[in-house]
Amino acid sequence: DHGTMQSGEACRAATARPAVARLSEADLAALGNPEAVTVTGPRGSLTLPAAAADLPEGVVWVPANNMGRGVLAALAGPGDAVTVADETVKGGH
Numbered sequence: 001d002h003g004t005m006q007s008g009e010a011c012r013a014a015t016a017r018p019a020v021a022r023l024s025e026a027d028l029a030a031l032g033n034p035e036a037v038t039v040t041g042p043r044g045s046l047t048l049p050a051a052a053a054d055l056p057e058g059v060v061w062v063p064a065n066n067m068g069r070g071v072l073a074a075l076a077g078p079g080d081a082v083t084v085a086d087e088t089v090k091g092g093h
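Here the sequence shown stands for residues 1 to 93, where the numbers follow the working numbering.
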């Protein structure tokens with residue numbers, strides 16, 4: 001990720017977990033239990049692997065600071081409305 005504690009620390013940065021979009025089990029089931037989802041916000045879209053989490057329905061959690069310019073710059077701000085789509089339908093793979 002882009003954590004400042006990892007600057008210049010290649011070994012520490014290598015331990016970072018991959019980014020995953022986390023949704024409730026019900027929301028994943030409603031999407032057809034996809035392996036990946038595309039999350040679209042006011043600033044753009046990100047496609048991430050999908051995983052079930054203990055979250056309320058209608059909520060998606062993505063890490064804020066670990067891809068490209070970071071989710072806050074590339075996708076949406078905290079609390080912004082976003083849409084989530086099954087990547088297999090949207091991207092065709």
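Hints are not guaranteed to be accurate.
[What the hints assert, rightly or not] What follows is a set of in silico ranges between Cβ atoms, one per label pair, in the way DEER data are often shown: (1) A30 x A10: 39 to 47 Å; (2) A10 x G32: 34 to 42 Å; (3) E9 x D54: 28 to 36 Å; (4) C11 x S45: 26 to 34 Å; (5) D80 x E35: 21 to 29 Å; (6) A30 x G8: 39 to 47 Å.
Don't read these hints as lab results, they were simulated from the structure. Every residue, glycine too, gets a C-beta built ideally from N, C-alpha and C.
Evaluated hints:
1. A30 x A10: 39 to 47 Å: Since the Cβ atoms of A30 and A10 sit about 40 Å apart, the hinted range of 39 to 47 Å holds.
2. A10 x G32: 34 to 42 Å: This hint holds: roughly 39 Å between Cβ atoms.
3. E9 x D54: 28 to 36 Å: Hint holds: Cβ distance 31 Å, inside 28 to 36 Å.
4. C11 x S45: 26 to 34 Å: Roughly 32 Å apart at Cβ, these two residues keep to the hinted range, so it holds.
5. D80 x E35: 21 to 29 Å: The hinted range 21 to 29 Å holds for D80 and E35, with Cβ atoms some 25 Å apart.
6. A30 x G8: 39 to 47 Å: Check passed, 43 Å falls within 39 to 47 Å.
Hint compliance for this structure: every hint is met.
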